[in-house]
Structures are given as structure tokens and as C-alpha cells.
Amino acid sequence: MTTDTDQAQQIMLPGGEMLAWSDLPAEEPTDGGPLGVLGARVVPAGARVLLAGPHAPGFLDRLAHAEVTCLLRSHLDGVALAEHAAELPVRVIVGGPAGLPADETYDVVIAMSGLDSVESIEGARLGWDGVLAVLADRLRPGGTLLLRMDNPVGLHRIVDVSPWYAARDDNRWTVEGVLDAGHPANLDQLRRRLVDAGLTPGAFFAAYPHPKAITALVATEELDQGTSSGLLDAMLHNACADGYADRSVLQDPARLAVDALHAGLASGLAPAWVGYARRSPLPAVEPADLPVALVQTGPLDMGGIEVVTAGQDWHWRLTQPPLRTTPETGPAYRDPGALTGPIPAGRLLRTLLLDACLRQDLDQLRALLSGYAHWLDSCTVAGQISGAPALAGVDNVVVDGERFAVLDPSWQAAVPLPVNVALARGLRRFAAILLTGGYAHPWSSTLDLAGLTVVLGGMAGRNLDRATVRVAVETEAALIAARTDLNPAGQEELRDQLEALEPDSPPPGQRSYQQLHEAWLRQREELNRIQAVLRWTEDLITSRERALRRADAMIKVLSGSVSFRLGRLVITPARWARRAVRALKRRLRKAPNQRAVRGGQQ
Amino acid sequence: MHHANHFYGHAHVLARYCGFGDRHPPRINGYVQHGWNIGDGLAPGHPYVERTPSLLWSAQTRRRAWAVGRRNVVVVGAPFIYLLALRPQDPPLAKAMPTAREGTIWYPFHGWEGQHVKGDHKELIARIRDTEPGPVTVCLYWHEYGMRRVRRLYEKAGFRVICHGYRGHWWRDTDPLFLDKQLTELRRHQRVASNRLTSAIFYGIAAGCEPAVYGDPMVLADEDPTFGGTARIRRQWPELHGESVRLSTAVEIARAELGTDHRCAPAELRELLGWAHLQENDLDD
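Protein chains in written order, with the numbering used here: chain A, 1 to 602; chain B, 1001 to 1285.
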């Protein structure tokens, strides 16, 4: 093998490089999110690290404490990486896995883009097992492999509008899928392949919401055991709801993820996995505990969020001090510093409410909603609620028996809210999920969003009115505007959009075919109902008109009779007299008022 | 509004609860279940407009209604529980009336304008005499109350004979205080009894009476057998039948059947009845 060196960039070119190709996304470079955090966590200071395959340039910044060799197949990416890491102890090799220097071994090998993208299109193909064998062979005894593998039957493929086997992207010169016995296709198969390669598998992480944009890593063991955990419920839901926003999907990925969690399938249906394995013989001292979960929410400079085990509980921890905190202007701000200490256990209120709605369990709904309202009340001072509870909707509150608690306390209200407005906001958000999501529920289709909010308020034991709901919508628009840096015009437009949301609208955000179909069905049913009412009303008007005609005819008959005429002769003077008395009374009532007015003018 | 919503002054009670006072109740967007029912909550033969909300008393009735194809079925509880909320305690009774509960109020099963009841009233009277320990008030339905022959039978037996009023028909002549009168009478009595398990028995239990169901259940002309009739009622609620019934069980069942726990808040009920957007012009005196 001949190795050239690109003198300008200090890049090793052992052969097999792809010149007109890039694996890195064109979007703004990231720091690798939770993958980067996990990578940095397993790399001890001064370790020799092989970063195999494409990784975001920011990933390297997290490994500044190590000596890193990057193996890339794309020359363009190699140049970019070399430029980015000019000040770091980083070496870049561009080529296939065969281009690694023959005598080099590493303390840690990281392949967070999977093994397929380690191979170049040039030269003989090693295949998944072949690449794993090369990388495992480069590990020192006791060394660590951190490897991502995409799930061929993951949630992302289940919700995809295009079938996986019809891939047309430039990087799909071959289409790897579940039919390829050369690839492991589930967690067990992955573990076995690692063992076959002489490695000892350790912890595995489920990666959500999409292999190409991982924002949440959750330990598979915890996912399998914590099937009703409110934290994991919210974590998977939020990752999928944000990750698929404005994308077309077959069905709601957040619903599917939460359902999978409850069925103990969240690990099995994860879009990707990150496996941790070590080369035998293992050292006597085990490395530091790995986190339960790693999450990236909000902008990059807010820092990542970790969930770690402390005793019997889970605790919040920030992966690094946030580079900035959201300025305390507007109605809400984020305080990452609040993410410390134990995470309240319990089930997510949203899930409990949805379950009770689906099962038509009015008693349970009443208990949950009144519990929520009582809890909000308990956080008030003089009818005003502030801090995290003020913003805690049903998607951020966990319930453990009788106890309600905020799950993620980092979002805080800058100004206190009337507690009824906070409650109405939370209930309206839930009503929107229920109606636009097409969930079965115990109420009629004649209710609009505001109406259902009032009804939910009644279930909570509160006599909410529509005026309070309107204030809640304005508050919601202001809060979203504060989170997303909307200007006043944008906020007004958002408020109009929120108010325009109808029960037969699909959910805002992602375009889910299943939910669009459901929205169409709801519209059709509502149209049928209105048509039936129109027919009934027409029939009723006809029947009433007949009754009126009969009554009119009867009146005419009676008014022509002798007895009627005699009666009228008797009654008419009396009616005149009554009119005269009324007119006199009116004049008498007016007279003192007029005197008073004149008196006032003097 | 469907005319059945006016029966027994139900719409009037709901309007009072929702804060409209004694004004004529606005039109209800749906059918209010107008009596205890072992079917889907609607009276057999009543015209039904597809997907018009059925405002039902209990979760069990809602399940039945759904299972026979009704949609937009909502549990709101019986209008009687709204009356109980409006009148949690009555003012002290007039001097002429006893201050403590006494005797039994007995509701012979009734027919209506379209269906007459066939049965032996004399035999029933004998059974009542043999069973009831105290004075008996017999409450006849308007229809039977208007039959002098039937009324005289009960009067001759020494019973006090009353009628709560006319339930109304096709929006006419509804006695808006029908339920009020019934509640007042129930609260005067120790026991409530009938020869069939009916709304009155559940109302009585909710109003604090000890219930009893015994005697010939009589036959309603052309009775609709769709939901099983009296035989099914006896099979499904055997614990409510007999001259003496365990009160705690009865209270629990009545609570479920009347939907006591499902009583809505006024604003909530206004939404469910379609009264949330009413303007002053929409209301009649």
C-alpha cells in the first residue's frame, strides 16, 4: 500500500478515498449532540482514539483531552475536519478501513455513524462483519468500542412514507436492509456479532428519533424496565415530536414511540442503537458509570441534559455548563440550572389522561384533573402561580399516587399567571391533543376546543369560562413566542392559528397520513351529522307550520263566533282603560325624574 | 329541541342549574335521557337524528348506547341530581305537615298516552296494605290520576293519592316543577316503593328513602322487548327487589344509575347542552 500525504492539510491518503463525496450534512455543524457527549464520556484523558467514519466536526472538540485519529472515506470531509481541528492533536486518514496504519492500536474506537459509512466505494468490500473485525482488531486489550447501528425495522422506517427498499438517495448505492443476513438486524444479533469479534458487550443505548438526527439516547435496560416511566414517556415523545416536526409521516412517531415504551418495545423499535463493548481481557477497574439517558433539547448552546442514577433515584445533570441562558425577557425563560437533583418518579399526566379518555373512565378523569387543579392551587400565592408549575402542562407533570410534580423544571414563568389561566392553558393544550390527534373520548363532536377546555375544567372541579380560555390562548401564544424568539407580528399570527384550530383539523406540525385520514373521517362524520340535523329541522318546521295553520284556522273560527264578538265588546273598554292607566303611570314615573334633572341644572 | 327534553321539566331544571333562572329553557343540542332506562337511554320509537348528542345518565347506559350504534353519547347524570344540587336541603316544612319522614310513597307502574297499563290494582292495594307499616301516599301518573276509577280505588283503600303533575307532550303543558314536587314528596317519606324498578325508586333512594320493589309488575300494552323488559330488570338488579332492600347497596346502585358522580359544573353543562353561546335575545321568559 502506498500512502500519500496531502501536504496542505496534513491528511494521510492511504488509498480508497472518495473525492467527490461528502458524508457530513450540509446543515450547520453540530457537536454530535448526545452521541458526542457519550463519546467524550468513554474516552479517558490522554487516550488514543480512533474515530471511524464521518462524525460532526464539533464531535472532535469534545475529545480535546485525547489523541484522535479520524478515519474518513470522503476527502472533502477530511479537509473540513483537518481545518476544524487544526489546533487539536488530531490526525486525519482518508480512505477505507484497510488504510489504517498496520501497527496502530487504540484505547477507544468510536463509530457513531455505523460501520457501513466506514467503508469506501473504492476497492474490495469488507462487509459489516469485516469492518467490525478490522476495528475490533485495532483495540488494545481492555479497550472500548462505541458503535452505532441503525435499526432496519426501526420506528423511523415504520413511519416513513417511502419504503426502505425504494431508497433513491446518492448514498444508497447499495440498499442495506433487514434481508441482508450480513448485517445484524436486532439488538441480540448485534450483541452476538460483537462477541464473535472477541468483544464483551456492555451497556446499549436506544437512539431516538431518527438515525440521522439523534437527540436522545436512553439505556435499553432502563427502557425495558421502565415501561411506564413518566420521564421516559416524555423523553421519547418530545424527541419524536420535535424530530419529525414539519415532516410527512405515515403515522404519529411520538404516539408510536410511547406505545412501544409501554409495550416494552422501545428498545426493539429504536431507530438506532449505540453499543458499548470492550476487548478482553478486561481491566480490574471498571470505567465510570454510564448515564441512564442523554438528551439534547433546545439550542446547542443550552448544553445537553443527562439523567444519572443516584442510589435508587434518577437525577438530572447538565453535561456541561450552558454557554448561555435565555435572557429573562418575555413571559418565560429557561433556567438550565434548575436541572439538578432527583427526578420525580411517576407516570406522565398526559398518558394517564389519554388512557382514561380512551377507556371512558370518567371517575379516573375527574380524579386526575381535580388532582392537577388542586396541585396548581397548592403552588399559588394570592391566586397567582409562578416558576415552573405555572408552565407545567399535562406533558410535563408526573403523577405518583396522589402526588403531582413537575418533571422538567427548567422552563420558568417570568411573570406570575392567574392560576385559572395556567389551568386553562394546560387543559386546552390537552384538548388540542385529544381532538386533533383523533383520540376517542367521552364527549360529543359538537364541542369545539374552547368548549372541551371548559368541560375539562368542570371535570377538574373548576367553573372555567370561555373568557379565561381566550386569555389562556393569548398566554400560550406569548409563551411559544418567547421560546421560539417570535416577533410581535409572528406572535399575533400564532395566536390566530391557535384560535383557528378546529376539532376536525389534523394536528399542527407533522403531516401524518393516518391523522390526516382521521381528520377527514371526522369532517365527514360532522357533515353527516349536520345534514341529518338539517333534514330533521326541515321536518320539524313543516310539522310546526301545520300546527300553526291549524291553530290559525281555529282562531279564525272562534273569532267569528257570536260568543267571541260579545266577549270582545265587553273586554275592549277594559283594555282601553288598562292602556290609559299604564300611560298615566309612565307619565307619573317620568315626572319626578324630570324635576330632578331640572333641579340638578340649577 | 326534542320535545322529550321538556318531559318532567327536565330542561327547566337544567336551565336553572346553568344560571338561567326560571326563564324558559333554551333549546338543547341533543337528547336528554328522560327516564331510567335499560336500553340506550332514548325512549323506544323516539325519532333519532344521527350523531345528535345523547345526554345520558350513567356510564352503563353510555356503553349500551354505543354498542347499538349511537354516537356522541355523553354521560351527564340525571336531571334529578341537578335538582338535588339546587336543593341540597329544603326549608322547614309547614306546620301542618310532619317534620320527620313518615310512611311510604308508593308509585304504581304507569303507562302513558300511547301505552296503557294492564293489571289488577285491587290485588296491588292488598299487597301494599299487608306490607307497608306506616301511612301510604300513592303517587299516580297523570294518566292514571285522570282515571277516576283507578284513583278512587286507591283513595278508598285509605291511601293519600297525589300526582306530581303533567310531564308534558310536544312542548305543551309541561309542569316545570314536576321534579320539584316529586323531591318535596320524597323527602317527606321514609320509604319509596313501586311494583317495578323505575326512575322514581332511584330518585327516592337519592332523596334519602329506603326502597322496595314488590307486587305484580303489571303489563304495559305493546311493551318493547328489545332490552329484555321486567324479567331482565329482575335478573340484573335482584338486590333492589323485595319488600326490604339493603340500603347501602341500593344507595350505591342508585348513585351509579343516576350518574351522581358525573354531575357537571354549570359552565361545563352549558357547553354540553349547546348553551355556551346564548345571547339575551335567545332567551324567552
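Just to be clear, a hint being listed does not mean it is correct.
Said to hold, decoys possible - Partial pick of chain A residues on the chain B-facing surface, computed with a CB cut under 8 Å:
#1 Asp246
#2 Gln360
#3 Gln364
#4 Ser444
#5 Thr446
#6 Gly457
#7 Glu525
#8 Leu527
#9 Arg529
#10 Ala532
Unchecked claim - Over the 10 Å line for every Cβ pair with chain B, so calculated as not near, a few chain A residues:
#11 Asp313
#12 Leu339
#13 Asp363
#14 Arg366
#15 Met459
#16 Gly461
#17 Arg462
#18 Val533
#19 Arg535
#20 Val557
Think of the hints as simulated: they come from the structure by calculation, not from any bench.
Here the structure is a predicted model, which means the values were calculated and not measured.
Heads up, the beta-carbon is just placed ideally off N, CA and C, and yes, glycines get one too.
Quick rundown of the hints versus the structure:
1. Asp246: 33 Å, violated
2. Gln360: 7 Å, holds
3. Gln364: Since chain B brings no Cβ nearer than about 11 Å to Gln364/A, farther than 8 Å, the hint is violated.
4. Ser444: Holds. Min distance 4 Å.
5. Thr446: 6 Å, holds
6. Gly457: 7 Å, holds
7. Glu525: Where the cut-off is 8 Å and the nearest Cβ of chain B is about 7 Å from Glu525/A, the hint holds.
8. Leu527: 10 Å, violated
9. Arg529: 4 Å, holds
10. Ala532: 4 Å, holds
11. Asp313: At roughly 36 Å from the nearest Cβ of chain B, Asp313/A sits farther out than 10 Å, so the non-interface label holds.
12. Leu339: 37 Å, holds
13. Asp363: Check fails; 6 Å does not lie beyond 10 Å.
14. Arg366: 7 Å, violated
15. Met459: At roughly 7 Å from the nearest Cβ of chain B, Met459/A sits no farther out than 10 Å, so the non-interface label is violated.
16. Gly461: 7 Å, violated
17. Arg462: 7 Å, violated
18. Val533: 6 Å, violated
19. Arg535: The assertion about Arg535/A is violated, with a minimum of 8 Å to chain B.
20. Val557: 20 Å, holds
When the structure is compared with the earlier hints, violations turn up for hints 1, 3, 8, 13, 14, 15, 16, 17, 18 and 19 and for no others.
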